[in-house]
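Asks: Protein chains in written order, with the working numbering: chain A, 1 to 111; chain B, 1 to 347; chain C, 1 to 98.
There could be a bad hint or two in this list.
[As the list claims (entries may be wrong)] To list a few chain A residues with every Cβ distance to chain C over 12 Å, as calculated: (1) Glu26; (2) Gln34; (3) Arg39; (4) Ala70; (5) Asp92; (6) Arg99; (7) Gln106.
[Stated by the list, open to error] Computed beta-carbon distance windows for the label pairs: (8) B:Trp5 - A:Gly93: 38 to 44 Å; (9) A:Gly14 - B:Leu128: 31 to 37 Å; (10) A:Thr52 - B:Ile297: 39 to 45 Å; (11) C:Ile45 - A:Thr94: 27 to 33 Å; (12) A:Thr52 - B:Gly113: 38 to 44 Å; (13) A:Ile49 - B:Gly280: 52 to 58 Å; (14) C:Gly44 - B:Arg142: 31 to 37 Å; (15) A:Val11 - C:Ile45: 19 to 25 Å; (16) A:Ile5 - C:Ile45: 19 to 25 Å; (17) B:Leu283 - A:Ala80: 25 to 31 Å.
[Claimed, not checked] Not the full set, but computed from the structure, chain C residues with beta-carbon under 8 Å of chain A: (18) Ile33; (19) Val34; (20) Val36; (21) Asp38; (22) Thr39; (23) Arg41; (24) Val42; (25) Thr43; (26) Asp51; (27) Thr55; (28) Val66; (29) Val69; (30) Phe81; (31) Arg85; (32) Ser86.
Derived by calculation from the structure, the hints in this document are not laboratory data. Where is the CB? At the ideal position from N, CA and C, for every residue including glycine.
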Amino acid sequence: MKRRIIQIVMVLAGLFWLAGTAAAAEVSQGKCLQYDKERKLVTIEEYDINFTNEHPYGQPTGTQSEYNVATALIGIPPEAGDIIRLAYNVKDGTKVAIRLMNVSKQDLRKK
Amino acid sequence: MDASWLYMYMPIAGVDIFWPGLVLIGYSVGVIGGFFGMGGAWMVTPGLNILGFPMAFAIGTDIAHIAGKSMISTIRHSKFGNVDYKLGFIMVIGTMIGIECGAQLVMWLERLGQIGPVVRWVYVVFLLLIAVMVFSDYAKARQKKKAGEVAGEKGVEGFTWYKTLHKINIPPMMHFKTSGIYCSAWLPISVSFTTGVLAGFLGIGGGLLRMPALIYFIGTPTHVAVGTDLFEVMISGLYGAFTYTLKGRIELVAVFVMLTGAAIGAQIGTVATKYAKGYGIRLAFGAAVLCCMISIILKQFKYELPAAVLILSTIGIICIYIMIIMFKGAANELREKKAREAMATKA
Amino acid sequence: MQRIYHWGKNLLMGLAIMLPATAWAAGEKATNIVVVADTRRVTGILKYFSDLYNTNVVMSAVWAVVLTVAIGCFLGFIMDFIMERSGLDLHSRKIIEH
Chain A
1 MKRRIIQIVM
11 VLAGLFWLAG
21 TAAAAEVSQG
31 KCLQYDKERK
41 LVTIEEYDIN
51 FTNEHPYGQP
61 TGTQSEYNVA
71 TALIGIPPEA
81 GDIIRLAYNV
91 KDGTKVAIRL
101 MNVSKQDLRK
111 K
Chain B
1 MDASWLYMYM
11 PIAGVDIFWP
21 GLVLIGYSVG
31 VIGGFFGMGG
41 AWMVTPGLNI
51 LGFPMAFAIG
61 TDIAHIAGKS
71 MISTIRHSKF
81 GNVDYKLGFI
91 MVIGTMIGIE
101 CGAQLVMWLE
111 RLGQIGPVVR
121 WVYVVFLLLI
131 AVMVFSDYAK
141 ARQKKKAGEV
151 AGEKGVEGFT
161 WYKTLHKINI
171 PPMMHFKTSG
181 IYCSAWLPIS
191 VSFTTGVLAG
201 FLGIGGGLLR
211 MPALIYFIGT
221 PTHVAVGTDL
231 FEVMISGLYG
241 AFTYTLKGRI
251 ELVAVFVMLT
261 GAAIGAQIGT
271 VATKYAKGYG
281 IRLAFGAAVL
291 CCMISIILKQ
301 FKYELPAAVL
311 ILSTIGIICI
321 YIMIIMFKGA
331 ANELREKKAR
341 EAMATKA
Chain C
1 MQRIYHWGKN
11 LLMGLAIMLP
21 ATAWAAGEKA
31 TNIVVVADTR
41 RVTGILKYFS
51 DLYNTNVVMS
61 AVWAVVLTVA
71 IGCFLGFIMD
81 FIMERSGLDL
91 HSRKIIEH
């Protein structure tokens with residue numbers, strides 16, 4: 001009985017490991033400059049990962065980038081000025097967002 | 001001094017966590033849970049929240065850790081023993097729906113931004129209830145001792161509410177052979193639903209409520225109630241882990257860290273029961289529950305550091321106490337065994 | 001004492017049933033909360049899980065359950081193995097835990 005359970009678990013673990021390794025998405029975070037609801041485009045100014053007390057969301061890099069959020073799962077709708085975080089994949093040169101998180105408006109750390 | 005290596009970044013919750021605290025909580029839950037034969041999950045959700053996890057993450061991570069821990073104890077029993085499987089599977093329906101409702105409630109409160117205070121206050125009530133239960137148990141045991149009775153394993157007998165509840169005649173009526181009861185299927189479903197909601201909402205196994213409910217409301221014999229409850233805890237842990245990850249409120253690595261601590265702790269706790277004598281230790285348990293409750297109140301009023309220090313030192317001290325019992329007892333046993341063997345070889 | 005206990009239990013159960021109702025009554029429109037794991041800050045197994053979480057939540061849920069079960073079983077076996085070799089008599093008494 002014990003050995004049977006071990007075998008089943010091992011096989012399952014192996015299968016899921018294989019299935020799971022394929023997925024990965026880029027993540028970027030920054031200040032939302034514009035959210036075009038009709039064209040489903042979000043433009044952000046990217047922040048880096050130097051987090052300090054004065055800059056809890058990282059420091060501005062000056063780089064602007066545009067994301068297609070037509071298929072993305074969006075939480076609290078972003079507005080210009082919000083800090084947002086996106087997980088995205090690059091498809092044919094455009095950055096297609098999968099998930100969009102409104103970091104500054106849903107600060108979970110305070111809950 | 002740079003203490004940043006003591007903190008671990010949790011990518012989903014987005015918080016830095018004092019990881020030795022995580023190990024201590026996992027380990028203590030193992031020791032205390034193993035020793036007292038109670039889940040001990042009630043201290044994990046508040047503990048995680050006090051360490052810095054957002055409340056929804058604390059609940060999700062706790063319930064996933066229950067799934068792992070119930071696997072460990074199920075393995076130890078190697079099979080469930082006295083499970084009324086028919087009753088168990090009927091109850092799974094209620095448990096799963098209940099957990100989903102509890103989890104949805106958590107998500108709803110999170111969206112409203114009320115999750116922290118609401119769960120904390122429900123916990124305060126819940127822990128107060130446990131403390132009252134433990135202290136009254138202690139008082140009863142003392143009374144019996146004075147009266148010269150032998151302390152029985154069972155709690156109070158004589159509540160026969162289930163007899164009334166069995167008269168409820170809503171089809172489908174079912175016969176549970178292992179438990180030897182005949183009642184409406186809705187009775188176990190509603191009992192398991194209620195405990196399920198609480199389990200999903202507070203991130204606990206729910207055994208603390210399910211056990212008395214099984215005995216007093218459904219009328220299962222105590223030994224069947226133990227096995228069936230274990231089965232239900234495992235199901236609720238697994239389903240809870242699934243639904244909370246789906247909602248993205250679990251930090252899996254924190255679960256593993258705690259599980260490892262719990263596995264080691266549970267052994268020490270269960271072995272220690274063998275050497276512990278007297279009911280005095282129950283008072284320590286009650287005190288731990290009360291300290292946990294106080295630290296939740298402290299957290300609610302934003303005294304973060306005192307709250308963390310209080311809960312961690314309380315469970316730490318109880319752990320050390322149980323460990324001393326265990327190591328002293330074990331050393332004694334091994335010494336006696338050696339002495340016996342030496343005698344045997346001489347003779 | 002027993003009465004207080006049952007009173008408390010009933011109160012708690014009542015609370016559990018009432019809470020959804022009050023939450024519903026509060027009824028303001030609340031938006032969904034979406035979390036993106038910050039994979040830029042982590043490495044190794046943490047990165048793997050956060051990547052999986054960002055891209056495929058269902059898979060990460062199944063994975064979480066399977067892994068938790070696997071680790072639970074694994075730890076259970078390992079600890080039993082170690083304790084059996086400690087020389088203590090672990091069979092002469094009842095273990096009740098859950």
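Asks: Looking back at the numbered hints, which does the structure fail to meet, lowest number first?
Replies: 1, 6, 7, 9, 10, 12, 14, 17, 24, 25, 30, 31, 32
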